[in-house]
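What follows is the residue order along each chain.
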Amino acid sequence: MSGFQVVVLWSDVLVWLLVLAGIGVGVLIAKSPPLLAAWRRVGANRVGMASATLLLAFIVIGLLDSLHYRVALDGKPGVKTQYAIEVLSVLDALVTPLRTQNEKTYSAPFATHLYAKESIERPGLGTVREYPRLKFGASHLADTATLADDVAATALRTGALALFAWLALAAVVAFRCGGWRAVWRGDTVFAWNAVLATLAAILLVLVPLFALAGDYHVFGTDKVGQDVLYQILKSVRTALIIGLVTTLVMLPMAVLLGIVAGYFRGWIDDVIQYLYTVLNSIPGVLLIAAAVLMMQVVIDTHPEWFATAAERADLRLLALCFILGITSWTGLCRLLRGETLKLRELEYIQAAQAFGVSSWRIILRHILPNLMHIVIIALVMDFSGLVLAEAVLSYVGIGVDPTMTSFGTMINNARMELGREPVVWWSLAAAFAAMFLLVLAANLFADAVRDAFDPRAA
Amino acid sequence: MLEVKDLRLGFSSARQMLAAVDGISFTIAKGETFALLGESGCGKSVTAQGILRLLPAAGRVLGGSVRLDGEELLALPEADMRAYRGGRMAMIFQEPATSLNPVLTVGRQIGEVLERHLDMTGEPARQRMLELLRQVGIADPERRLDEYPFQLSGGMKQRVMIAIALAGEPELLIADEPTTALDVTVQAQILDLLAGLQAERGMGMLLITHDLGVVARMAHRIGVMYAGELVEVASREDFFTNPRHPYTQALFAALPEVSRRGQKLVTIPGQVPSLAAMPSGCRFADRCPQVMAICREQSPAWRETTAGHVVRCHWQGDRAVDDAACHSLTELDLQAAQPFLEVAELKVHFPIRKGILQRIVGHVRAVDGVALAIAPGRTLALVGESGCGKTTVGKALLQLIKPSAGSVRLGGSELVGLSGRRLRAARRHMQMVFQDPFASLNPRLRVGEIIAEGMGALGLEKERAAQTAAVIALLQQVGLPAEAVGRFPHEFSGGQRQRIAIARALAVQPQLLICDEPTSALDVSVQAQILNLLKALQADLGVAYLFITHNFAVVEYLAHDVAVMYLGRIVERGQAEEVLRTPQHPYTRALLSAVPVPRLEGGEQRIRLPGETPSPANPPAGCHFHPRCPKATDLCRQTYPETTTISATHSVACHFPG
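Line by line, the protein sequences are chains W and X.
Quick note, the first sequence lines up with residues 60 to 517 if you use the numbering used here.
Quick note, the second sequence lines up with residues 3 to 660 if you use the numbering used here.
So that you can see chain W by itself, here it is in the shape it has in the complex (with noise of 0.2 Å):
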């Protein structure tokens, strides 16, 4: 193995540092007992731990993806090391065969044969239209009737193994917990039942489909050939960085621009008004497409920034995360701030000006805490639009950078082949399952999260 050069991108930078603050925050809760207690009311909620597990593996897909190095190429001993171009992430290191067993084309989920015809020249038969094997997919098989049964094995053979492993898990749970009946009967504190019933259900597909995809495409393969699976594998992380950084761009100002303006009133509301009234009344798209042309310019005459592709598509990632920060706060803000000219009037507010509390004070004990079930379902709402925005920006060309897969440029590359005969579903399929499951989850994980933090549902 040759030597290798970490390469730290600034999106890299900030999902780490979003894990430190997440365990930063997370030592302060344990410190805090009534934190902790309502933290522990979404841990004994079922649907919220499901939701969390399978959140928590798209993470860790994430987060995977979020090494980045690159390989030292071969050469001669006291020459300077050169590295590779080109930037992997420990992800993609640990599904090499998926990047590099690419096909030439479109290929059905668990095909032989590709989904073209091609001219192939057989001796004795001189050059015939025939559907040509893969050259990766099933290409183990000698006999292509076999692949029923050998799919089949292979699936009860790592399916058993999976189920293997759950229970060990599940046995050190039960364990620890007292039993596997109090863990059966949801008598835990943590709803491990919900948790282990997930996991089963993640093991039990992830395992046999990892194996398999090592001799087949389980999901197909695109227009040039690379595995959608491999695919999906690196949306996830576009997704996640764009749900998350942006929700981090736009949330604080939201926040502060919508409290400020409906609990002083007079000229600084009038201001924010005009503010957002102003960005609202300029077609989105429009705006983003202008402010992510204007950077690509940028981008594009200054190449000596950066060193590698990987490099200049992260940052237009991240300025495109921004971008779109900046023209989405006017909804939630303008909904923070009629729920504050409500929550202004009521008696508590006034009970506390009465004493003196200062203005900033009063906002950040009586009213923020009052409108956090509000932020926190704009914030899910906020993130699968997110998702969705990217795709249609993606299509209009002023997403990410083409060479960065996405959820948004995977529904794209697949919308036109919709329209062919037969039709090409599986890209599409594959991409709007991942991005259901994802979003599916924060919802129900953060409807969890709002319930154990009502004082009044608890």
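In short, the hints are calculated from the structure, not lab data.
Ideal placement from N, C-alpha and C gives every residue a C-beta, glycine not left out.
Please note that the accuracy of each hint is not assured.
[What the hints assert, rightly or not] Below, in silico cross-link-like pairs of lysine to any residue (SDA-like), each with a Cα-Cα straight-line distance of 25 Å or less: (1) 90/W x 466/X; (2) 32/X x 466/X; (3) 90/W x 467/X; (4) 32/X x 20/X; (5) 401/W x 388/X; (6) 163/W x 270/W; (7) 633/X x 612/X; (8) 404/X x 419/W; (9) 349/X x 415/W; (10) 194/W x 211/W; (11) 401/W x 440/W; (12) 404/X x 466/X; (13) 356/X x 393/W; (14) 401/W x 522/X; (15) 401/W x 156/X; (16) 401/W x 352/X.
[What the hints assert, rightly or not] Counterexamples of contact, computed for chain W against chain X with all Cβ distances above 10 Å: (17) 79; (18) 345; (19) 487.
[Said to hold, decoys possible] In silico contact screen, one side only, chain X against chain W (beta carbon under 7 Å); selected entries: (20) 402; (21) 426; (22) 436; (23) 441; (24) 442; (25) 443; (26) 444; (27) 446; (28) 456.
Starting from the known structure of chain W, fit chain X onto it as the hints suggest.
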């Protein structure tokens, strides 16, 4: 006519059925008013909804029968039931503001009933609508018919609601707290109207209320409900002369009245048991002063004491509540010392803006020149109907609303115009207790944090340990356990929440507590607890109260001084005895006579005020009260009267006092 037998209604919640109404039976004859009386959460409204089969989604009829002229209503298919609702039975709801559809005209809403039940459309329907509106006492019905609910005042909306109910010519009228949301003078009008209509048409009426005064005014027979059961049914005479059930007696004893001035009110300890934890024996046992061993074991059966007077109680004695136990609590003839808060010419005007440029086109004169003085340790009651500006006065005193003019002097220093640090220091001396205990506590903070907020903001107790100790001491002072510190407000009942709000205000040791209708959202028995607490606190700490209220019973019971407000101005002020015994302003007299008295011999001669309070944006010229005043002359229409002094403490703003 209506016969309810063993009606059981319940709510399904989390796999179990909770019975909200548990086997109640009563009958209503034609032309009779049967009043269901009880505190909130006793199942009164659910009963009414059950009779009309309008239960909320989680509600279920568990058993029993409801017969109207022998027809079993609970067995009817839904389509037939619709002919009964609004047709033979009609309902009036509590809140006139929300029971009319805001986007339909009055005419459309009455016409809907006529079309559905009488097949009346077009011109005959219109004639009938006009007739109905005239019957419910709406002037100029032709114009009102085409107006929308927002163009009507609260009292008129309730009249329209009654007209809608009458449109189907019902034999039974169900009125669910029909006047609770209205002012006393309007309440008197509506009650008169209902009584008149009922006598005229011979309708049966089921009146649901918590107000003993309304019961005394309206009912022929009374059923007292407690925790989903009827506990006593009696005729009006028997009920008011000889209540038998300890709960009924306690309800009477808990009423604040002038005769109880200076005494501690009788309270009912504890609260109504929750649906999930109903005791198996008598449901009142845990709160009953006469509880016996048998009460906890078996539910008492009906027992007839006199003809038509039945009661559900094991105890056979006569008077459960011992009046002698009410010991004197506060010094009432406290000498008026030098006032420490003086308010002069206080004005709060809200600008009305119109047009694109938001030009000021007028002012709402919410408070228009109010003068008050409060002495230490005394209670000043500020009385008036809704919209007269009394709450605004309270907030302007605290500088929560900036007064437009005038002065508020606290211990000699001027508050108006203060800001920042000096205002904060001054605020220490005045605090406020708000009307709605559900809106005045932040649901996301713990009780301890809520109470400590003032101390922290005003920099009183900096150290954590001292602060916690102070909070616990305050909680004990208002009669709450120390463990309440770590709990959230929603875990407490309305009365307990109001105690928390009082503790929060007391935390900064104010000399003046502004109480803005602190008991109007509470039940009678809980109101008594809070009034007792306020009195005890005044005796212990010597706080002065500015008591903002519309409830004269509370004023009579509690106040040393009274100021009566009408449309932003004080029309009469003086010591409580003077104002209440010898009211000089016609408005004060009308207010006093409009209050329904919870006694048999209540209604001697009543003064009925026509109309409602005008808008403070456009007050009548001259004396504000002249359009409703029986004594008004040309002089009243032209000039606002000077303040006339009756005695050293008693003054009135009227051209013709007395």
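Exercise for the section: Could you work out which earlier hints the structure fails to respect and list their numbers in ascending sequence? Expected result: 2, 4, 12
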